[in-house]
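Asks: Now for the letters of each chain:
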Amino acid sequence: MHVYIYDEYLNKNKYNRAINRLEIRLTDLGLNGKIIRLEAIKNIKSAIANEIKLGSKTIVAVGNNQTVNRIIGAIIEADSYGDFQQKTLLGIIPIGDDNSIADSFGIKNADDACNILLARRVEKIDIGSAGENYFLNQSTIESQGTVLEINNYTIESQERGKISIINLLSDKKETVKSNPHDGRLEVLIRTRKKDQTFLTTKTLKIHNPNYKLIVDDVVEIDTPVEINIRSGKLNVIVGKDRLFD
Amino acid sequence: MFSKDIKSENFKDAETIIGESIKVKGNFQGQGNIVIEGFLEGSLKTEANLLIGDQAKIVANIEAKDAIVNGEVKGNIKAKSYLAIGKTAKIFGDIQYGEISIERGAIINGQILMISEEHRRGENKRQAEGEEEK
Numbered sequence: 001m002h003v004y005i006y007d008e009y010l011n012k013n014k015y016n017r018a019i020n021r022l023e024i025r026l027t028d029l030g031l032n033g034k035i036i037r038l039e040a041i042k043n044i045k046s047a048i049a050n051e052i053k054l055g056s057k058t059i060v061a062v063g064n065n066q067t068v069n070r071i072i073g074a075i076i077e078a079d080s081y082g083d084f085q086q087k088t089l090l091g092i093i094p095i096g097d098d099n100s101i102a103d104s105f106g107i108k109n110a111d112d113a114c115n116i117l118l119a120r121r122v123e124k125i126d127i128g129s130a131g132e133n134y135f136l137n138q139s140t141i142e143s144q145g146t147v148l149e150i151n152n153y154t155i156e157s158q159e160r161g162k163i164s165i166i167n168l169l170s171d172k173k174e175t176v177k178s179n180p181h182d183g184r185l186e187v188l189i190r191t192r193k194k195d196q197t198f199l200t201t202k203t204l205k206i207h208n209p210n211y212k213l214i215v216d217d218v219v220e221i222d223t224p225v226e227i228n229i230r231s232g233k234l235n236v237i238v239g240k241d242r243l244f245d
Numbered sequence: 001m002f003s004k005d006i007k008s009e010n011f012k013d014a015e016t017i018i019g020e021s022i023k024v025k026g027n028f029q030g031q032g033n034i035v036i037e038g039f040l041e042g043s044l045k046t047e048a049n050l051l052i053g054d055q056a057k058i059v060a061n062i063e064a065k066d067a068i069v070n071g072e073v074k075g076n077i078k079a080k081s082y083l084a085i086g087k088t089a090k091i092f093g094d095i096q097y098g099e100i101s102i103e104r105g106a107i108i109n110g111q112i113l114m115i116s117e118e119h120r121r122g123e124n125k126r127q128a129e130g131e132e133e134k
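Taken in order, these protein sequences are the chains called Y and U. Every letter in the first sequence is one number past the one before it in the working numbering, and letter 73, counting from 1, is 73. Every letter in the second sequence is one number past the one before it in the working numbering, and letter 87, counting from 1, is 87.
Note that these hints are calculated values from the structure, not bench results. These figures come from a predicted structure and were not determined experimentally. Please note: incorrect hints may appear among the correct ones.
[Claimed, not checked] Once the Cα atoms are required to be at most 25 Å apart in a straight line, the calculated PhoX-like pairs of lysine-lysine come out as:
(1) Y:240 with Y:57
(2) Y:193 with U:23
(3) U:23 with Y:177
(4) Y:193 with U:25
(5) U:74 with U:45
(6) U:80 with Y:193
(7) Y:162 with U:25
(8) Y:173 with U:12
(9) Y:194 with U:80
(10) U:45 with Y:202
(11) U:74 with Y:205
(12) U:65 with Y:194
(13) Y:202 with Y:172
Turn these sequences into a full structure, and let the hints steer you where they fit.
Replies: Here it is in structure tokens:
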């Protein structure tokens, strides 16, 4: 059974047509299931855990990056996560803006997402963690003044620019390769001087007293913070045009 | 000028690239090809190949299989297989190499010693055994 988790912002009138069209399409494809609206539940973690216990096979995030991020966090921390990893899948139906996570899984729009759910092509992927937060794509921070502690060395940058800690890239034009199956995070530093730094690691610590770390373009967190990779932690339904092999 | 087997182009898909504006401090160790264009202090070691760019400044002992040095190094260099020293290189330390080439204009202040064939065979054997165990 599918459980569809709708983000609060979808209540706005401008999304009514998209939601109606989506629900008709899901019914036509035989994919209808239970709908849970985030604004109606107090504890997303226990709501999802409950659905998994009741036998739900697929949890579908309907919304944007923020929706996916909240659901991932709830799923991973749920007591029944072990069950989730073995039996239940994560699906995504992107509606509106800020859907780089869906893009990276080859899910272009809501119509596309329905066909992808039906095809049920599954990939087991890594997840990044930044403190108590999780990310599927990347975490970013301003490079100026940032110190990265990796294994037995540190990396510092005094130039303005951006540091990205990448699990799975969301930009097709990006020349750097990322792999959400390799159990490693890619660290990419691009400064305004146009030089580029690249390396991979399983864990690192980030320090910057002046700037916050931005997780999946959704959450801002203070540093110092430890970032780790959790290998093969999630089974996701993906499209043919995903940005990884 | 350098061996056809090791050129700057070979480092296009290097495992690690340290850009010009970056400072690395500590013991830096890798398995794959490494490119250093910035500043590194501590120690630098890889089982594969190393390219030190012409703007790079390194204060460390270095060990690699093949190495191209075009920047400044204060420390000892050990290239088990092949070492290419470019015309912009400034090296202040001792060098051990399997094979070497030095371009006109390079500055070297230190001893230059070839790693004996016997020693190299021993190292290669140890490395191969290490890979087999993995």
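Asks: Each hint: holds or not?
Replies: Results for each hint:
Distance check on the hinted pair: residue 240 of chain Y and residue 57 of chain Y sit about 21 Å apart at the alpha-carbon level, within 25 Å; holds. Proposed proximity of residue 193 of chain Y and residue 23 of chain U is supported: the alpha carbons are some 14 Å apart, at most 25 Å. Distance hint between residue 23 of chain U and residue 177 of chain Y is fulfilled; the C-alpha atoms sit about 23 Å from each other, no more than 25 Å. As the CA atoms of residue 193 of chain Y and residue 25 of chain U are separated by approximately 21 Å, the hinted pair is consistent with the 25 Å bound.
Distance hint between residue 74 of chain U and residue 45 of chain U is fulfilled; the C-alpha atoms sit about 15 Å from each other, no more than 25 Å. This hinted pair does not check out: residue 80 of chain U and residue 193 of chain Y have alpha carbons roughly 34 Å apart, beyond 25 Å. Between residue 162 of chain Y and residue 25 of chain U the CA atoms are separated by roughly 20 Å; this keeps the pair inside 25 Å, and the hint holds. Only pairs whose Cα atoms come within 25 Å are accepted, and residue 173 of chain Y paired with residue 12 of chain U is accepted, the gap being roughly 18 Å.
Between residue 194 of chain Y and residue 80 of chain U the alpha-carbon distance is near 33 Å, which puts this suggested pair outside the 25 Å criterion. Distance check on the hinted pair: residue 45 of chain U and residue 202 of chain Y sit about 19 Å apart at the alpha-carbon level, within 25 Å; holds. Of the pairs offered as hints, the one joining residue 74 of chain U and residue 205 of chain Y is violated, with about 29 Å between alpha carbons and a cut-off of 25 Å exceeded. For the proposed pair residue 65 of chain U and residue 194 of chain Y, the alpha carbon gap of about 29 Å is over 25 Å, so the pair is violated.
With a CA separation close to 24 Å, the supplied pair residue 202 of chain Y and residue 172 of chain Y stays within the 25 Å bound.
Hint compliance for this structure: hints 6, 9, 11, 12 are not met, and every other hint is.
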